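S.K.: Sequence:
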Amino acid sequence: MSEEQLHNIYGQDRITSRQIDELVGLARGIAADEKINQAEVEFLQKWLAANMAISDQPLIRKLYDRVNDVLADGIANEDECRDLLDTLNRFSNRDFELGEVLKSSSLPLCDPAPTLAFTGYRYCFTGTFNFGGRKDCELAIEVRGGAAGSLTQKTNVLVIGMYATESWKHSSFGNKILKAVDMREEGAPISIVSEDHWVKYLHPLAL
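In our numbering, the protein residues as written are 1 to 207.
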């Protein structure tokens, strides 16, 4: 390897390190008041886009993809902002690089896991999904004849994404899980399932 190539590599490493440090600071600043608004999401998107042009750093790309998913319809709704807040908090604590795969035993999943159907059923998604963004998950329900949206008394299934921290009760999406548990204990016909279990019913196209 030539001296010029070594300089380029070390120079790129310095840029990447500086970008990550700056992004961590930005994430902490945005999440400091424990809420995110539309303007902050749009600012973060612009910062990420500008820095993507400097270096294709995997962490920056991963966060950029998530922000783009939030703004896909031009509006950062309340649920999306809560999930993004959790992502920024984990990122600023350096707990974001690959995410942690939640252990089933740490979650209040239905046991045994129920058989899932889609037509006429209402789903709610919470957490971070390997399958894709929230809108991708909701679309997978809609094309199978179901509906997806916020957690309400009409929700039949809450699906929990596979990536999160073990301290899910203290995360921004923990309240939604606990609310679903309360609904279930009060006799509401709601199931709580993992992303892995849900995905099994997507292939082949299930109705």
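Fair warning: there could be bad hints in the mix.
[As the list claims (entries may be wrong)] In the DSSO-like style, the derived pairs of lysine-lysine whose C-alpha atoms are separated by at most 27 Å in a straight line are:
| no. | residue 1 | residue 2 |
| --- | --- | --- |
| 1 | K179 | K135 |
| 2 | K135 | K200 |
| 3 | K62 | K35 |
| 4 | K35 | K46 |
Simulated from the structure, these hints should not be mistaken for lab results.
Only a predicted model underlies this, so the values are computations on that prediction, with no experimental measurement involved.
S.K.: None of the hints should be skipped; say for each whether it holds.
M.R.: Verification of the hints:
1. K179 <-> K135: holds (22 Å)
2. K135 <-> K200: Judged against 27 Å, a Cα distance of about 19 Å means the pair holds.
3. K62 <-> K35: holds (21 Å)
4. K35 <-> K46: holds (19 Å)
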